[in-house]
Structure formats: C-alpha cells, structure tokens
Amino acid sequence: MKNIELLSPAGDMNKLKTAFYFGADAVYIGGKNFSLRALAGNFTDEEIVEATEYAHSIGKKVYVTVNILARDTDLDKAEDYFKFLEKTGVDGAIISDTGLIALCLAVAPKLPVNVSTQANTLNSLAVKFWLDHGVKRVILARELSLKEITRIHQTVPEIEIETFIHGAMCIAYSGRCLLSDYRTGRSSNRGACVQACRWNYEIREKDSGTDFLEMQEDEHGTYIMNSKDLNLLDYIAELDNAGVCSFKIEGRMKSEYYLATVVNAYRRAIDAYYAQGSEYKNNSLYQDELKKTAHREFTTAYLLGDNDRTVNYDDSQSKGTHKFIANVLDYDKETQTATVEMRNRFKVGDELEVLSPSDSFNKIIKIEQMQDEKSNPVEDAKLVQQILKLKTPVPLNAGDMLRIKV
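This note's numbering numbers the first residue of the sequence shown as 3 and each following residue consecutively.
What the hints contain is simulated information worked out from the structure, not anything from laboratory work. Mixed in with the good hints, there may be bad ones.
No farther apart than 20 Å at their CA atoms in a straight line, the calculated lysine to aspartate or glutamate pairs in the EDC-like style are these [as the list claims (entries may be wrong)]: (1) Lys368 to Glu343; (2) Lys407 to Glu258; (3) Lys63 to Asp76; (4) Lys138 to Glu7; (5) Lys79 to Asp47; (6) Lys138 to Glu160; (7) Lys138 to Asp242; (8) Lys365 to Glu375; (9) Lys393 to Asp374; (10) Lys393 to Glu343; (11) Lys63 to Asp134; (12) Lys34 to Glu52; (13) Lys335 to Glu370; (14) Lys230 to Glu299; (15) Lys62 to Glu49; (16) Lys230 to Glu252; (17) Lys321 to Glu252; (18) Lys19 to Glu381; (19) Lys368 to Glu336; (20) Lys62 to Glu258; (21) Lys34 to Asp76; (22) Lys89 to Glu49; (23) Lys368 to Asp332; (24) Lys393 to Glu336; (25) Lys391 to Glu381.
Being a predicted model, the structure only gives us computed values, none of them experimental.
Work the whole structure out from these sequences, hints included.
Rendered as structure tokens:
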C-alpha cells in the first residue's frame with residue numbers, strides 16, 4: 003500500500019503551489035503550446051523549469067500535457083519542445099497523438115511518455131502495444147468499468163495505469179468533441195474548447211417565426227448536453243486493487259479554492275484508506291467536503307458498468323455549500339493574529355471555517371475584530387484583496403484558506 007499518486011491539475015504557478023500544499027503528490031501542467039487547455043493560464047518555458055525545480059525540491063512530480071491532435075506544421079516545434087522537456091527533467095509528457103508519441107520517443111528518449119486519455123485506450127492489446135513501444139504510463143479512457151480496468155492491469159501489469167477520479171466530464175467520447183468547432187470555430191482538439199455542451203439551449207419549429215421554446219423539465223430549463231461531475235471518492239480501495247497507480251483530478255481551469263478543497267478531501271480520504279482500509283468511506287467528512295465548492299451533480303460514470311444517467315439536466319453548475327472568503331498570508335503565534343487577504347466580503351460577527359491540511363481543518367473562527375494594515379478597525383471587509391489582521395486562537399499557516407457557509 004501507499005503507492006497511490008494523487009495527481010492534481012495546475013493552471014498556473016499559484017495553483018501548482020496550492021495543489022502541493024494541500025497534499026497532491028504530483029501535478030499536470032500545460033505549456034503555452036500543444037496543450038488542450040489553451041484558455042488556462044499555463045506555463046512559459048521558464049515557468050516549467052521553475053515549477054519542476056520547485057516540485058523536485060519538495061519530493062513532488064510534474065507532468066506536462068502535449069495533448070493536441072497535431073498537424074504537420076506542429077512537428078518541428080514539437081521536436082524542440084520535447085527536447086526542452088527532457089532537458090528540464092519533467093517527470094513525463096502526456097501525449098494523445100500517435101505521431102507526437104513516436105516523435106517524443108525518438109528525439110527525447112529519456113522523457114517518460116504518458117499516453118493521454120484522449121488516445122481512447124480501452125483494451126489490454128492497446129495497452130500492450132503502448133508498452134512495447136516504450137510508453138511508461140497509460141491514462142485509460144474514462145468509459146471503462148472497474149472490471150475492465152482490472153483485466154487490463156492483470157494482462158499488462160508492467161505498465162503504469164492512471165485514471166480520472168474527480169471533476170468535469172466531456173459529453174463526447176473521451177473528449178473527442180467537435181461541438182466547439184461547429185458553434186464557434188474554436189477547435190476543442192487543439193486547445194480552444196468553449197464548452198458549448200454546458201450552454202442552455204432552446205428550440206423552435208424551423209421557419210415558423212415563433213418564439214423559442216424552453217426545453218424544460220422544471221423551472222430551471224434543461225441542459226441537454228451537460229455532463230455530471232465524476233466523483234469516485236468512495237472507490238479508492240477498488241481502484242487501488244484494480245491496479246490504478248495514479249488518481250487524477252480534472253480541472254486546469256478551476257480556481258485555487260476548488261483545487262484546495264478537492265485535493266484536501268482526496269488526500270485525507272487516501273490517508274484514511276491507508277490507515278483503515280475500506281472503512282474510510284464510512285466517514286461522511288470527505289464527501290461533504292467535496293460539496294463545499296462549485297460542482298455539478300456527482301456520478302460514478304461508467305466505473306460500475308453501463309450508465310445512461312450521466313447528464314446534468316438542471317443547471318450548468320451549482321455554487322457549493324461554502325464561499326471562499328480569504329487567503330491566510332501569515333500567523334503570529336505569540337499574538338494569535340492572522341494576516342489574511344480578502345477575496346469575498348465578510349464582516350465582524352461572521353463565523354469562518356478553516357480549510358487547511360493541518361489539524362485546524364474545519365475549525366471555526368468567529369470574527370470579533372479586524373484591522374487594516376495601518377491598524378485601523380474594520381467592521382466590514384468589502385475592499386477586494388484588502389490585507390487584514392484577525393485575532394484568532396485557532397493556529398493557522400500561510401496557504402490556509404477561510405470560507406463561510408452560504
């Protein structure tokens with residue numbers, strides 16, 4: 003046991019550090035080119051070097067996505083990029099295009115290749131093919147069941163298996179979608195997806211000139227192509243036993259608060275699994291934690307077999323039970339004073355909950371008094387990113403977050 007890698011997205015350097023602080027073992031990031039999340043902040047070459055050096059200094063790993071479907075015009079730049087990643091010492095390149103995989107293996111043989119989920123790897127023969135061609139890890143297609151994953155691992159135990167365990171899902175098969183291209187001309191397979199599947203649609207009879215009609219099941223309308231969010235937190239033991247070595251969270255475009263909440267929940271659940279085995283799932287704490295940030299209705303997708311109930315008809319996304327209020331910048335133990343950066347409005351008298359990897363997790367801080375940087379009293383924190391001083395006996399650390407129930 004204790005060989006599960008908790009793998010978090012990181013859209014920029016701040017999110018990378020947040021993911022590591024809250025317990026991720028590794029992150030996957032995108033450069034400025036060749037990434038399917040071109041709308042995320044992403045990393046310059048210099049930042050990839052910095053991120054890799056930082057991760058390795060604290061015993062963590064960095065994988066870089068190179069997962070577009072490439073054209074011939076991409077190949078020369080991709081060759082240079084693979085050589086750069088190999089020299090930088092990143093822990094792997096996540097690639098979906100077979101041509102790019104072949105190129106990487108040829109020009110950067112010391113750079114481990116992880117086959118992306120968008121390569122649609124669904125069977126043991128395909129996995130064996132990748133192993134025979136020098137691939138280190140396969141990120142299996144999201145459409146596989148637990149039984150199928152187990153069979154693949156038993157058939158090809160030499161290769162590492164990674165699978166998604168949490169986050170947004172694409173309505174298209176393994177993310178191979180053309181809807182964004184069709185609606186906006188922005189290619190989802192080259193990194194510019196606008197997530198048109200999340201939009202609310204209306205209908206009317208063709209050429210009738212009548213008003214559009216809502217496709218509704220209730221007063222909210224209907225989101226006919228909007229997938230539920232994946233949540234496999236209760237299946238850590240089963241996935242571990244099936245041979246999955248890396249548990250992947252989706253969300254390079256998600257907020258720091260989202261990453262902190264989700265990574266923290268899975269870190270605590272995995273650690274509880276190490277200590278208690280399958281009994282960890284009897285504690286509702288971890289599932290409750292996942293509901294404290296924005297999410298859609300949860301689903302296990304296809305893990306337990308065929309599933310025709312993966313569409314979220316009610317809304318695009320719920321807000322979650324809690325709202326992110328402030329980042330903790332510092333804490334003075336002697337004076338029991340926290341320095342925080344305001345992110346959402348709060349007032350004296352409010353009760354804030356601590357989000358932390360420490361024992362202060364979920365403890366409540368009642369705001370009795372606040373001061374600004376000049377020691378002026380503040381009753382209502384309403385200036386965005388204002389630096390404030392709060393008195394609290396609850397010990398905090400830089401990197402912790404404060405939130406409030408809504």
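Here is how each hint holds up against the structure:
1. Lys368 to Glu343: The given pair, whose Cα atoms are some 17 Å apart, holds under the 20 Å limit.
2. Lys407 to Glu258: Within the cut-off at roughly 18 Å; holds.
3. Lys63 to Asp76: violated (27 Å)
4. Lys138 to Glu7: It holds: about 15 Å lies between the C-alpha atoms, which stays within 20 Å.
5. Lys79 to Asp47: Distance ~13 Å between Lys79 and Asp47 Cα, so the pair holds.
6. Lys138 to Glu160: Holds: Lys138 and Glu160 sit about 9 Å apart, inside 20 Å.
7. Lys138 to Asp242: The given pair, whose Cα atoms are some 18 Å apart, holds under the 20 Å limit.
8. Lys365 to Glu375: Violated: Lys365 and Glu375 sit about 25 Å apart, past 20 Å.
9. Lys393 to Asp374: Given that 20 Å is the threshold and the Cα spacing comes to 12 Å, the pair holds.
10. Lys393 to Glu343: holds (14 Å)
11. Lys63 to Asp134: violated (25 Å)
12. Lys34 to Glu52: With Cα atoms ~15 Å apart, Lys34 and Glu52 stay inside 20 Å; holds.
13. Lys335 to Glu370: holds (17 Å)
14. Lys230 to Glu299: holds (5 Å)
15. Lys62 to Glu49: Satisfied, since the Cα-Cα distance of roughly 16 Å is no more than 20 Å.
16. Lys230 to Glu252: holds (13 Å)
17. Lys321 to Glu252: holds (18 Å)
18. Lys19 to Glu381: violated (32 Å)
19. Lys368 to Glu336: Holds: Lys368 and Glu336 sit about 19 Å apart, inside 20 Å.
20. Lys62 to Glu258: holds (18 Å)
21. Lys34 to Asp76: OK: Lys34 and Asp76 at ~13 Å, within 20 Å.
22. Lys89 to Glu49: holds (14 Å)
23. Lys368 to Asp332: holds (18 Å)
24. Lys393 to Glu336: holds (11 Å)
25. Lys391 to Glu381: holds (12 Å)
Comparing the model with each earlier hint shows violations of hints 3, 8, 11, 18; every other hint is respected.
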